[in-house]
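Colleague: Okay, here's what each chain looks like letter by letter:
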Amino acid sequence: MDINSLIETKQYSLTKEEKSKVLFDHLKRLHGYHLENSPEYKRICLQLFNEPMSSLEDIPYIPVSIFKNHELKSITNDEVFKVLTSSGTSGSTPSRIFLDKDTANLQTKALSNIMQYVIGKDRLPMIIVDSISVVKNRLSYSARGAGVLGMSIFGKYHFYLLDEQMNIDCEGCERFLAKHKNTPILLFGFTFMVWQYLYESSIKADLSEAILIHSGGWKKMLEKAVDNNTFKKRLKEKLGIQKVFNFYGMAEQVGSVFLECEHGYLHSPNFADVIVRNPFDFAPMGKGQEGIIQVLSVLAKSYPGHSLLTEDMGILVGEDDCKCSRKGKYFTITGRMKKADLRGCSDTFTAPESQKV
Amino acid sequence: MIIVTQYCPERKTISEAELISDPSGSLAVFDNATISFFNKVSRLLLSDKNYNRAPEVAALGFWLRSANIETMQKENAHWIKAKNYSVNPLGKVFHVAPSNVDTIFLYSLCISLLMGNVNIVRVSSSFNSPVVDFIITCINKALEENEFKVLKQYIRIITYGHDEKINNFISTNVNGRVIWGGDSTVLHFKNIATSVYTKDILFPNRISYSLFKASAYNNATTEAKQVCAHDFFNDGYTFDQMGCSSPRIIFVLGSEDEKEVFVKELYPHLSAVAQKRYYEQARLLSSQKYNHLIDDIILNKVIHAEHSNNATYLIEMKDNIPNVEFCQGGYFYIKHLNEISMLKDMVSEAVQTLTHYGLEEHEVDELNKSLYGKRVDRVVPVGQALAFHYIWDGMNLFEELSRKRVIELGKNI
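Order-wise, the sequence lines are chains A and B.
In terms of my numbering, the first sequence has 352 at position 345, counting the first letter as 1, and numbering is strictly consecutive.
In terms of my numbering, the second sequence has 377 at position 18, counting the first letter as 1, and numbering is strictly consecutive.
Chain B on its own, in the form it takes in the complex (with noise of 0.2 Å):
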């Protein structure tokens, strides 16, 4: 007998039965309803003063807005209405939230549902986030409403601890699984049997890079730079560092000089809104960085280590392509690049997300055709590196939670 925790769209304990129980009618894809309950949900999240300040809850609020969805919407009619397949929902999806970046889970389950699929969301038992605690009010609020009634089916997001018994029943009962939560997480789900129908959708260990032009920087004003600043706070800080798209090595393309002049003009603009909002766990993390930085230099690998506090190290390495795995909490690797084209040497298969700054579209575009055939999955500006999109990881998430029936008439007889 399994008993899990819910959350939504009531706090409670189900039982195994109600945890995969059928919707008693369905839901079309783009459905109207689908489409005004997440801007229901967008509202309550950005109504509320203490949590809308939070750039996490600010992005997710503004992403779920019918507005977005309908962009969405038409960035995809041309597959959806297309005239010789129907889109069908895949059926029942099991989501696995990661642990930390709180908000991943409801875009998940957004575009999920926006398909038409009925779904199981599971977010770790670790959790005590608030942001989460959060969300789950918001979306249990809206769904009380009567024209969201019926939605209630198709949302289930529960609770559980390390519990391979429900991580089995859950999995040899739905129709697909998306995975988040990195490399170890994705193993240890691929290697739950499944039905040989249910599709996987995994989201393994990525990591990210930013590409800064330094002239751009160097020659901006004092408030560009600030502005600058703020945003790669933003893509470097808010998940520790850590998240899949959070910049690690920041690509530095110029000469010699400019590089050096970028490092120091960076610096104290970094660090200043480092101090600010990242005050507390600057200190916390002090030793870790400090340490890390002293193993680096023991190890001859350092060529210029820039950190006058313990909230911003910029760090250049003689290796060519450093061991990023530590990078965390506001540890940057400096690499200086003569030119754009130099970059694709060193993307491994991992590298998910790179920012870029200062580039001119015909430097982009170089860029993006300098990495054909390589699996960097989004060039995106700074301050954009954590904006989430329905292409993620390569996939087209959309197409990736349904399924296209082929339709073909027969002659007239």
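One chain only, chain A, in its complex shape (with noise of 0.2 Å):
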């Protein structure tokens, strides 16, 4: 199967047998052609990768971070079409991403058929649970940016909630409520700000019809006490939102994303897996052990991104056999990993954060 047709053929379709033999087939080529592109990589291979590859779990990972400390690509200056910037966490150095068009191309063909799995083919109107401000700097993304850019092609008649003193446009929305009545609605929104302007705020709006995409990690939810549970529950009472899909994504790896299913798990594409392992050893775990997640994508070409170690924590809950008929292997995100005390003789006595200039 080649990469077009891996991407735009019905997701969530292949069984593991053939998902094993089709990606590892596809993540080999892109492996070699990295060894062949892209000095950096080539050095790490050979530095800690040197066995024979027999499966999907010997295909060497990188760190995701790389790509905050160095420019990773495995095209000329020339090729580069776009450069994705990430904040990641937040104070350190954003990720930098270079895409060519064909990688860009593909990831956006990549998500529009993931989201077509929960939207349909047809474009819908569209609330944007954010500011335009986010938007409007073309030459420099935020996540943020990047990631309401990616999902406004999946619906029309864009309206942002939010105006640019990230002031609630009640009054906006109502007007955009009344003129869409009866038909679905995309939602999107980073699950913070969601929770935030939607459920925290007194907007009051009947969202029957909506469907909810959020993403952007639970660490602030988390903070709260609010699970994706309780998130789905919240803005179910409150706004009568019964379609809610959270999706767990990365920009060092934009248009592989894993699409929450109906019954709360994560679910790999077609032509994207994930890899739970042990962070002692970084040996692959079973079903059922929280480890490091690993992400594997096909669509990763102008650089070396199709096989990278997380700093998130997930379990595999399964594959093949979710309650909600989709084949491919299912999971959950448990968190960010959590950082080590380090003791050792220095750092006293450091300055207090107003002290520091």
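Among the hints, erroneous ones may be present.
Here are some chain A residues pointing at chain B (derived, C-beta under 10 Å) [unchecked claim]:
#1 ARG50
#2 LEU53
#3 ASP65
#4 SER72
#5 LEU79
#6 GLU86
#7 VAL87
#8 PHE88
#9 ILE299
#10 LEU316
#11 GLU318
Here are the simulated DSSO-like cross-link-like pairs (lysine-lysine), alpha carbons at most 30 Å apart as the crow flies [to be verified]:
#12 LYS35/A x LYS660/B
#13 LYS75/A x LYS677/B
#14 LYS677/B x LYS49/A
#15 LYS128/A x LYS250/A
#16 LYS371/B x LYS345/A
#17 LYS75/A x LYS346/A
#18 LYS186/A x LYS143/A
Note that these hints are calculated values from the structure, not bench results.
All residues carry an ideal CB built from backbone N, CA and C; glycine is no exception.
Both chains are sitting in their own frames, so use the hints and assemble them into the complex.
Modeller: Dropping the structure here:
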């Protein structure tokens, strides 16, 4: 199966046997391509992964944070079509991901195939739970801007719920809903934005026809002790939203997203996969055990990002047998890796924040 | 008005007047009461089954025994009992303890008290260490005994947040300051104006190395290799490899082949100990260490990386002197050495401790001579990196925490 048909066929259709072979072939080829075209990738593989590869688990993986400290690409400077940056964890250096036209196209195609699975082929009237200012500067997108732009192609008549001062445009929202009565509406936003501006705000609306898609991690939500179930329950109670889909994805593998099913599990599409690894020795772990999430994707051609070790923890729930009938691995994310408390002699007395210049 | 939290002699809050109050009597240098007091503390530390297995508590307990203190007394008798001068306390000493090396504050306090000083010890307010809490409980318990009550006036262990007013107040009211905690703490306190008479004993950041004679390790019995791995583990992992004395680079003395065998031999033994005793921490640190390895590889610095799990990384580097800033939680650099004399060009001012394994006496001697004029402060066997010595960072702390009064008699008239 070539890459286009792998992306364009109905998603979540390949069984374990079919998928492991197809994915392995593609990823092995990508691995070979990056070996030849990215000297940094080659150095890593030669040093750390010299055994012959016989399965997906043998594909070398590089840490996702590598794109923060190094410019990794497998294309010439002339071929760079777009540079994605992600802010990553607050305050840290952003990742820089170099895309050529092909890769960018593949990403868009892949994303739309996944989204079609829950929103259908037609573009829907769309409410974006964010401010238009996040997409205004087209030269450098923040992760939020890139996410909003990426998703906006699945909607029409886009309405940004927040004005540039981050105030909720209640009247605009009412007008929009009145205009698009009795038709499905696409609702998109980052998880914490959705919570803050749809649930915690005073907004009143009937969104029972809406399909909410949200992403961006649960860190801020867990601080408020809001898990996925609570999130869904509260939004249903307050605004009548019935269909809520979270997805797991990252700027380092745009397009390759893991979308939640009706049963609350994240699913691997045909062209991507996850492996859960033991933090102690990176050995692959079976079902039910919490470990580090490694993500694999056939989309990453212009940069060696086809196999990334994330800093997220998760649990593999099963493969091919989810009650939602999607094939492939399904899993949950349990949070960011905890940071160790280090001992050592220094730093008794660093100046308090306020004193730093 | 300054108020601080006091842990010792009693847990309560105290005011500035109490903080710097003077004792009513005086305490002799190596006073018998002080010696038996620390012996009592030692017994309390070592008799608690919950804590006496922690290596740092056990080490502290043994160090405080009167037998050990008397040995130190003898070793220092030549100058303490000198005829032409008398040894006196500095007076009031302010100790700023490092936030994470749990036991240092007590070594610091002990030496100072043995010299007859009055002590104010600040432990970090971010301290959340059960070990520190336990040590303080033992001290307070010992102080309640009648014969030691007099010492209460000499020991004040306190804590407060980042409060410049209190730092200034104490700094300007003491005769000496012992500042642990590395560069930033040292610089911070150096910038506080004290009396010109105040003596500062400063402990900036240091780093440490290890030197293995490859043939000695390679030819050792399996049991001996395991013992060595244990010792090296204690040195390297106890403070997440970030103690001043924790080894960061392992220099391997021998031929190229011997070095290769050594790395392959050391790895499984060391990582087996680490898997047992450092499992959870290794899991938490895995991505930090792996990321760093990837950085090292991308920058084309790595000759060979030995790491089949995340508890132990042995990374042979091309750089002559690798930057060891990152080395933490079991990330050791390997450097090959053809001969002992090569080491002298690889040790900067920052190097404090060099642990060694498999060296014969004449080789230790050769090493010592080749380091003449270099600022390496300790050359000790593997396993002894963290063993506290009253000569620390090149200073005899008994001497530093006292002063000598020259006494000369006049002619008989």
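Colleague: For this structure, which hints from the list above don't hold up?
Modeller: 3, 6, 7, 8, 16
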